[in-house]
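Hey, can you work out the whole structure from these sequences and the hints?
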Amino acid sequence: VIKQLVLIPEAIVVATAVLLLLSARIGGSRSLRRYLPAIVAGLVLVALVLELWLGATLATLFGGGFVQDRFALFAKAAVLLAAGTAIAVADWSAEDSLSIGLAMPLLAAFGAMVAASAGDFVVLWAGLEVAAAAGVVLVGIRRPDLGLRLLITGGIATALLVVGFAFVYATAGTADLSTARQMMQSAAPTLPLAIPVLLLLGGLAVRAGIAPFHIASVPVSLGATPLGAGLVLGLVAVAALIVTIKLVAILTAVPQAFSPYLAFIAAVAMVGGGAAALGVRAPRARLAYLAVGQAGWVAAGLSTHYRGGLGGALFLLGAFALAATCGPAVLGGAEGGEASLAGMGVLRPARAAGIAMAFLSLAGAPPLAGFFGQFAVAAALAQGGHFELLAVGVLGSVLSLVAALGTLRVLYIQSPPEEGRRAVGFALPAWTRFSTAGAVVLCAAIAAYGAFGNPILGLAYQGAEALGLR
Amino acid sequence: VIAANIAAAIHAASPTPAPVTVGGSGIFTSSLLLSILVWTPVIVAGLIAVLPNPRGRYDALMKQIAFFTNVGLLFVLWVAYNQFENFLTTVQFEEKVSWLPSIGVVYHLGVDGAGMLMLILSGLVGLASVLASFGVRERVRSYFCLLLLSEACVNGAVVAHDMFVLLLFWGASTIPLALLVFGWGGPRREAAAWRLVAYWGVGTIALLIATMALYAATGSGSFDMDVLLKTTLSPRMQLAVGAAVIVAAATRLPLFPFHGWARDLFSEAPVGVSVIIAGSATRLGAYVLLRVLVGAEPIAAQLLSPLVAVLSAVTIAYAGLVVLRSTDLRHAAANLALVPGGVTLLGLAALSPLAIGGSLLSIFSGGLAAALIVGVCATIADRAQSRNLRVLRGLAPRMPNLTWLMLLAVFGLLGVPLMASFPAEAMTFLGSFKNQPIAAFAVAAGLALVAASLVVLVHRMLFGLPNPDAPGVSDSSLGETWFLGLLAGGLLWVGLFPGGPKLPGTDQPIFDPGLVNTMAAGLTDIADPYAVGK
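Chains C and P are the protein sequences, given in the same order.
For what it's worth, this note's numbering labels the leading residue of the first sequence as 1, then goes sequentially.
For what it's worth, this note's numbering labels the leading residue of the second sequence as 1, then goes sequentially.
Please keep in mind that the hints were generated in silico from the structure rather than gathered at the bench.
Glycine is no exception: its CB is placed at the ideal position from the N, C-alpha and C atoms.
Among the clues, some could well be false.
[As the list claims (entries may be wrong)] Just the calculated beta-carbon pair ranges, DEER-fashion:
{"hint": "1", "chain 1": "C", "residue 1": "Q182", "chain 2": "P", "residue 2": "G221", "range": "26 to 32 Å"}
{"hint": "2", "chain 1": "P", "residue 1": "P306", "chain 2": "C", "residue 2": "Q182", "range": "57 to 63 Å"}
{"hint": "3", "chain 1": "P", "residue 1": "G72", "chain 2": "C", "residue 2": "I215", "range": "51 to 57 Å"}
{"hint": "4", "chain 1": "C", "residue 1": "I215", "chain 2": "P", "residue 2": "F68", "range": "52 to 58 Å"}
{"hint": "5", "chain 1": "C", "residue 1": "A448", "chain 2": "P", "residue 2": "F68", "range": "25 to 31 Å"}
{"hint": "6", "chain 1": "C", "residue 1": "T60", "chain 2": "P", "residue 2": "P101", "range": "26 to 32 Å"}
{"hint": "7", "chain 1": "C", "residue 1": "S415", "chain 2": "P", "residue 2": "G46", "range": "20 to 26 Å"}
{"hint": "8", "chain 1": "C", "residue 1": "A166", "chain 2": "P", "residue 2": "S220", "range": "43 to 49 Å"}
[To be verified] To spell it out: a stretch of chain P is covered by chain C in this simulated footprint if at least three of its residues, at any positions, have a beta carbon under 8 Å from a beta carbon of chain C; those stretches are:
{"hint": "9", "stretch": "107-113"}
{"hint": "10", "stretch": "178-185"}
{"hint": "11", "stretch": "201-214"}
{"hint": "12", "stretch": "514-521"}
See the structure below:
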């Protein structure tokens with residue numbers, strides 16, 4: 001019974017999501033709707049606290065299908081923190097549907113949590129699909145065409161994943177992840193293994209939106225609601241990266257089968273993301289490309305295929321989840337382009353600070369969460385002798401930083417429009433006030449992630465050890 | 001509670017400063033001294049950021065908060081300076097707390113003589129910068145927040161004793177400074193700010209590469225300087241690290257051909273920002289070169305010394321030639337600000353204990369001189385309503401204060417006796433003529449060229465025939481006189497009392513133990529591999 005208590009956070013998240021979906025049918029009082037985001041964010045916070053408390057217990061449930069280890073603890077805590085903060089920070093007056101808008105991040109978080117605790121290929125795949133489906137729904141509310149586009153590319157990714165999983169299952173002779181890892185110790189890096197791994201990584205790269213496979217996620221995120229964009233760029237990508245980490249952990253004995261692919265994808269994503277971020281001016285597009293660049297850093301850490309690299313990548317994943325999920329949410333509507341942010345530092349200092357923190361963290365600017373994560377990965381790359389990848393990553397980071405500074409310039413240096421100035425004195429709606437408080441929480445979380453990085457990085461390293469890496 | 005626990009952990013883990021023997025001892029015994037110097041500006045910046053300021057009603061208060069923060073920091077620094085154990089080779093005021101043990105990052109702060117010199121420079125320049133910024137009228141809150149953050153970054157880079165911490169502050173300093181130029185600069189501010197970001201970004205990459213190469217080569221899994229900089233590396237690895245550090249230093253200091261950002265920046269940035277960049281942020285380049293290359297990689301330092309010498313000579317010659325042809329006062333000042341860096345580098349190329357000491361002192365004097373020349377030229381351009389040297393003529397009778405300050409800046413730049421730069425340049429040249437004779441002659445010739453161009457500039461601008469068609473001219477305001485006077489005063493004080501003022505007939509320092517004495521602490525460690533006979 002005690003072991004099953006580790007499921008409480010998942011239960012809270014999924015029950016809240018289901019209740020929210022039901023409430024869309026039932027309706028609710030006006031005052032309840034006003035405070036609903038705060039209530040849901042509070043519930044996610046409770047789930048996070050319970051995860052940190054109860055999740056420390058190691059447990060294996062459902063015949064090995066669900067594994068609660070340090071990796072799961074870290075990944076789930078990161079996902080819950082990102083989801084809760086995104087709900088708190090989103091400007092709900094800019095969202096299309098309150099109940100679905102609240103339920104989908106929870107379902108995406110649930111999917112990522114399932115993937116983090118997955119003990120076999122089926123659960124791993126199912127978790128990823130739940131998270132991806134939540135993204136499709138939220139995008140489809142505002143733009144059905146983009147939802148369909150995401151669904152189709154997601155379907156292709158799923159096909160690649162299923163084929164890949166099937167081949168790896170055939171090679172290992174088991175669907176259980178820990179047994180597959182043991183079986184892979186004696187496997188040879190043959191072409192029949194390398195091809196399905198390539199398919200798997202391709203499918204996961206599409207899901208994670210890593211360049212050059214970002215063709216679906218980035219354009220889709222531009223047309224979605226703020227939280228929808230956060231879901232696609234953040235939580236769904238995080239779920240895909242969680243699956244990638246678990247897959248890499250199985251294959252560490254045969255690094256030749258995946259490391260070159262990952263290194264290539266990482267290099268393209270890091271430089272491509274930074275360069276593309278520099279090339280666009282629209283804030284949400286820039287944020288999306290910055291997220292692509294940082295996802296590339298995570299992939300670079302995984303390509304090292306040893307504990308330091310995976311630990312660093314996991315540490316960075318936490319920072320990525322926070323900034324990539326909350327960034328679009330705090331940015332709000334993207335319709336106004338760069339001009340809509342002009343002078344926000346004066347008009348809405350808390351939101352401006354939240355936007356600045358998200359941009360800078362994704363760009364890897366010191367001393368924020370992304371910098372610490374990228375540095376941990378960089379240290380692992382240096383230790384592993386991957387200096388070419390490190391050089392490419394640093395170049396990408398500089399491009400990203402220049403791009404982020406461009407947005408900061410608009411936020412803090414450009415003068416606000418006159419109508420914006422006039423609006424400053426008026427009281428804000430309750431939702432906007434709540435999202436302003438959420439922005440403060442986001443700033444604190446991004447700033448504190450590195451400053452108090454010791455326990456977080458330690459847990460990430462324990463997570464890597466839990467996956468059998470030394 | 002968390003903050004209290006961290007403070008307690010730092011206190012428990014940090015060695016108490018050694019007993020002191022000079023005046024001022026025992027006043028300040030906190031082992032958090034360096035953290036106070038680094039984090040107080042950050043905290044105050046945060047407070048300013050959240051302070052309500054409806055329609056700029058409390059702009060003046062924000063300026064005062066920034067000013068008194070700097071005064072307070074300077075006081076703490078003065079106490080630390082007096083408590084500093086001169087001639088002790090170890091790092092002092094050390095703070096050491098494990099930060100990210102999984103990758104070997106330690107929150108390790110500490111200063112030796114060189115660090116203390118840099119901190120004093122940063123303190124003086126920081127105060128001057130705030131005074132120079134009192135004229136800012138737009139977005140005062142943001143301006144002073146960013147200025148305080150810049151100061152914190154410089155202080156953090158100086159006291160860092162872990163390469164990660166150094167990189168953190170080194171890289172972070174670019175962001176507030178670039179935003180300050182973006183927001184409050186002149187008409188070409190965008191180009192100036194982007195250039196700063198690009199060049200300093202390259203420098204940060206170079207330093208990161210050096211750090212990672214050291215980390216990988218030592219195989220210690222630690223970024224602590226005590227480990228990284230005390231491990232003997234192969235000559236090849238030392239060369240790679242050394243080359244990267246030279247690039248990092250050259251983009252900061254700046255040195256030819258990495259000086260592309262300097263002209264635009266010093267001519268477009270607001271005066272206060274120019275002062276902090278020229279005075280302290282750029283000196284970090286020489287400081288890192290001294291600490292990482294000269295202090296830790298002696299083989300690479302010797303192999304690369306001809307390159308360093310060439311960079312030094314070319315930078316000074318280039319600056320002299322450009323100033324001679326310049327028709328824009330602020331452009332001329334920007335190029336003159338390159339000169340002290342060139343002199344500093346000559347000492348680091350010569351690699352003799354005397355020259356290294358001279359270099360160290362010239363980091364301090366050069367920082368003050370560069371800040372002064374940039375500040376005074378910007379003020380003259382403001383007050384004369386023109387920066388065109390064809391228009392600016394015969395200003396001395398109408399701006400006597402600025403004329404005196406300009407002359408002091410010129411003297412400081414050229415190393416005239418009674419200025420702090422005199423002992424610095426004397427030590428540098430005396431220590432360099434043996435090891436790098438050609439470079440020393442070239443630098444001396446370059447300085448002669450700079451002197452000639454300065455004579456032409458000063459004669460034409462200040463003492464020539466007044467231009468009747470020039471716009472109206474006024475002398476410096478009280479605030480401008482104070483900030484320029486502070487920088488000039490620093491140069492004069494150290495020039496007059498390099499060993500500190502003493503009670504007549506005794507060796508007891510009164511309130512200043514002497515910058516040259518403080519500088520000596522830790523210098524033995526750095527210069528020892530280059531002593532004669534080694």
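Tested hints:
{"no.": "1", "hint": "C:Q182 / P:G221: 26 to 32 Å", "verdict": "holds, 28 Å"}
{"no.": "2", "hint": "P:P306 / C:Q182: 57 to 63 Å", "verdict": "holds, 58 Å"}
{"no.": "3", "hint": "P:G72 / C:I215: 51 to 57 Å", "verdict": "holds, 55 Å"}
{"no.": "4", "hint": "C:I215 / P:F68: 52 to 58 Å", "verdict": "holds, 56 Å"}
{"no.": "5", "hint": "C:A448 / P:F68: 25 to 31 Å", "verdict": "holds, 28 Å"}
{"no.": "6", "hint": "C:T60 / P:P101: 26 to 32 Å", "verdict": "holds, 29 Å"}
{"no.": "7", "hint": "C:S415 / P:G46: 20 to 26 Å", "verdict": "holds, 24 Å"}
{"no.": "8", "hint": "C:A166 / P:S220: 43 to 49 Å", "verdict": "holds, 45 Å"}
{"no.": "9", "hint": "107-113", "verdict": "violated (count 0)"}
{"no.": "10", "hint": "178-185", "verdict": "holds (count 4)"}
{"no.": "11", "hint": "201-214", "verdict": "holds (count 8)"}
{"no.": "12", "hint": "514-521", "verdict": "violated (count 0)"}
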